[in-house]
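Undergrad: Residue-level listing of the chains:
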Amino acid sequence: VSQGRRLSELAALVEGEVRGDGERRVRGIATLGSASAEDLSFLTNAKYVEAAARSRAGSLIVGRGGEVPGKDLVVCAEPYFALARLLEVFHPATPPPPGIHAGAAVAADASVDATASVAAFAVVGARARIGAGVRIEPHATVGEDCEIGEGSVIHPHAVLYRGTIVGKRCTIHAGVVLGADGFGYATHRGRHHKVPQVGVVVLEDDVEIGANTTIDRAMLEETRVGAGTKVDNLVMVAHNVRIGRGSLLIAQSGVAGSTQLGDGVVLAGQAGVVGHVRLGNGARVAAKSAVFKDVADGVQVAGIPAQEASSWRRQQALLGRLDELRRRVAALEKAAAGGPRESADGKRGEP
Amino acid sequence: VSQGRRLSELAALVEGEVRGDGERRVRGIATLGSASAEDLSFLTNAKYVEAAARSRAGSLIVGRGGEVPGKDLVVCAEPYFALARLLEVFHPATPPPPGIHAGAAVAADASVDATASVAAFAVVGARARIGAGVRIEPHATVGEDCEIGEGSVIHPHAVLYRGTIVGKRCTIHAGVVLGADGFGYATHRGRHHKVPQVGVVVLEDDVEIGANTTIDRAMLEETRVGAGTKVDNLVMVAHNVRIGRGSLLIAQSGVAGSTQLGDGVVLAGQAGVVGHVRLGNGARVAAKSAVFKDVADGVQVAGIPAQEASSWRRQQALLGRLDELRRRVAALEKAAAGGPRESADGKRGEP
Amino acid sequence: VSQGRRLSELAALVEGEVRGDGERRVRGIATLGSASAEDLSFLTNAKYVEAAARSRAGSLIVGRGGEVPGKDLVVCAEPYFALARLLEVFHPATPPPPGIHAGAAVAADASVDATASVAAFAVVGARARIGAGVRIEPHATVGEDCEIGEGSVIHPHAVLYRGTIVGKRCTIHAGVVLGADGFGYATHRGRHHKVPQVGVVVLEDDVEIGANTTIDRAMLEETRVGAGTKVDNLVMVAHNVRIGRGSLLIAQSGVAGSTQLGDGVVLAGQAGVVGHVRLGNGARVAAKSAVFKDVADGVQVAGIPAQEASSWRRQQALLGRLDELRRRVAALEKAAAGGPRESADGKRGEP
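Residue numbers (the working numbering), protein chains in the order written: chain V, 26 to 376; chain L, 26 to 376; chain U, 26 to 376.
This is chain V alone, in the form it adopts within the complex (with noise of 0.2 Å):
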């Protein structure tokens, strides 16, 4: 890339149409605060269509209907999807050389492809099953009997306990744990005696799963997050829960115990759902809110305790005029009273 490419070459490997000089060289892709003339740029979120006017960058990716004076633009149906197919053009993937290193410790009955990669200081347990171009860094730990699918990448410090199925593509950040015990206690007599997890944790293929997640072991059978599903950093999914494919997690939210969710759901950042209910396909629930009963297909929830959005963003705005209605009634009462009719930015001294 040390030339540039021609624009009109990358507007083709979006499927974008060139608006302005299509001969002109790109060398990297930048954001709007830093582009300079020779970078592509994008405005992919309304809020920064001033921010585009004033970029220095020559030309930028934009969706239909888009315009910014001055700039040689790349028109693209879905700007966003066309900004990660051209990073990865100016940002190919290095990926280690295969084979195992000399300081990791493998299990002599693991089976490891030929094309994977094992790094120093790994761990592959008892008849563990490594597929094609798998990549394991540093300080990963795969336990007894777990399986990881061609393509997929665990990063340093990622733990899979014993009997952790991985699908393929799938990516592993650092300091997941896969795995680990389901918070399972039965009490007797005032003390808590673990119920033994003896479940497993089955990622199905292209699944991602953010840094120091944490997907616990099912009570029995299996905890499973459905092809295509996306995990943001710090979340918990307890033991044996469902989620569908499609699904997306963001940062520390938590599903509790044997709940399930559908196809194509999200929990926005921090939110929760309580344990034993379910989530139907396409379920949204908004940030830091918290689900106690079922959520239909498609539906989106809001609040604490979670209601739907439109419900929930209707009582925000009474709960906002509530020191109104308080006047009211006591405008009310006055008049009852006999008074004359409290004005209308009064403030008196109630009963």
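Keep in mind that the hints were calculated from the coordinates and are not lab data.
Quantities reported herein were computed from a predicted structural model and do not represent experimental measurements.
Mixed in with the good hints, there may be bad ones.
Since the list can't tell identical chains apart, any single copy or any two copies may satisfy a pair.
What the hints assert, rightly or not - Here are the simulated BS3-like cross-link-like pairs (lysine-lysine), alpha carbons at most 25 Å apart as the crow flies: (1) K219 to K359; (2) K219 to K318; (3) K72 to K96; (4) K72 to K318.
Assemble the complex: chain V is given as a structure, and chains L and U must be docked to it using the hints.
TA: Just chains L and U now, with coordinates in the frame of chain V:
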């Protein structure tokens, strides 16, 4: 267990009573949804009564008074406790052989009991004392002057800072950090100066700590977790906190500095407690609640800020009727102004 | 310190004034509850005035105007700051000897200062630069092209992804993950496509990061934490966030992508801030609050959604009187219908 065990034999182990065929052979324990005729399943949550009836399980553990037509039953006073015991029978633990792995780093003056196991890449610091039957898994880091009591398990990647004391039969899951510095700074002329944290963390016997939970060392003396207390994943326990015996801290809850929790306290998921307060014995904090002041023995609280749960429920009910209240006030105003009374479902522009 | 230090000498170190016997010998520092006559204790929180009077401590650090009958006092303008200094005196740090442990994995082209220490099982990647006096503890993983400034400490199991920059005198606690991928996906025809995260994380000087906290790398350019900012445990800082100088992020708080925090900002425990907003210098967010829009300089906010703290407190007070308001409306309705006015504490079925 290849031939299975007789149902009557299993019932005897849990002081249960067989209702049906005590000679039935049981090969394993399974959930209602996946059990076959040879499996023993369980009904421990009333929510699943119908699922129990539909299940293909041949036999079921149920509570006193439980009835599931067509199944052989083990009737127990505490079915979940019975389940815990029978899971142990069908899934016995298989500890690794004792000894120090050649790839571990154990300080010359550390004391490791001959019956303990120390895995590859584990670190045991100077003067640490490791008790009988302790299991230290790969990559666990046990700092200088730590003590680990008989029968405890330290899972991969757990970190015990210098001086941490762990009692007997404790389980420390992967990624747990015990004894990192408390968050203490003296702010002087706008700069935050670190207050040295020179105390320790002490876990009494039979404590379990979930994955990626952090318990900070005390500024002076100790942060202490009482015997039999169980802490879930991603929980934060700050410096100088003291937690009593048999308490339960559910996932993503947090306790700020110097706060004291009594015995048998329950913090539900994502709950928080401010610093320098006291929660009495048996206090219970609802999910997602935030406690800002003392809670007396046995009191249940909920909300942000937390109040007594009954009061919180009443407030929630009132909130749900706030729109109705607003309409009633509007109707009174209209009547007072001489107009006809607004109909119950009426909407109008408000003054 | 075996003979102890004279109280007058300690007072001089903290610019304090002795009230009482300056010749008293002090052997150590202890809390009010456990101090003996030979210890120096402290009164830094008004909540503990009675405990100070009851304490067996021989001497106490107190603020100006502090009075504790029968104790020798060191009176300081800032007693907590004085305590920090004296803890350093009684508990001096003991860094490990410099050098690279034989069991560490350091890339041939990494640069490690001769005064730095690298412990067993630590990993230092290609082209990384480790400054003077840096301490890299067991199992810490420092990726390719990272830089660690003079005097910083990287605790066990911390992970620095490729390209992370850590300033001088920083402390990175166990389990911290710096530079994992930001949570960025372009959703195209129902599938979430990863947006490459090719930026880095930069920590300026004197930053401390608590155990198991995660700070994601930027999509492009950098996620930055300003000089002197302190971050507690289990905090989430998302991609492209920028945090100013001297801010405090308390445990389990989170900041979503591209948000900017000014200087001296405080996020209390379990607080959250949505993406793409700005918190001005000195803004303060109460515990468990959720910020959904910009906050001006110096403003304190609370609640979900967060509003100005004074307004939030007023709303809470109104909520506490909602039941009373409902009763007053019922009384007005009864009066309007011709009946006698309901008594203040009356309860009745509502229409």
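Undergrad: Now tell me if each hint is right for this structure.
TA: Consistency of the hints with the structure:
no., hint, in the structure
1, K219 to K359, "neither (63 Å within a copy, 58 Å between copies)"
2, K219 to K318, "neither (27 Å within a copy, 32 Å between copies)"
3, K72 to K96, "within (18 Å within a copy, 61 Å between copies)"
4, K72 to K318, "between (35 Å within a copy, 13 Å between copies)"
This entry does not satisfy hints 1, 2, going by the numbered hints stated previously.
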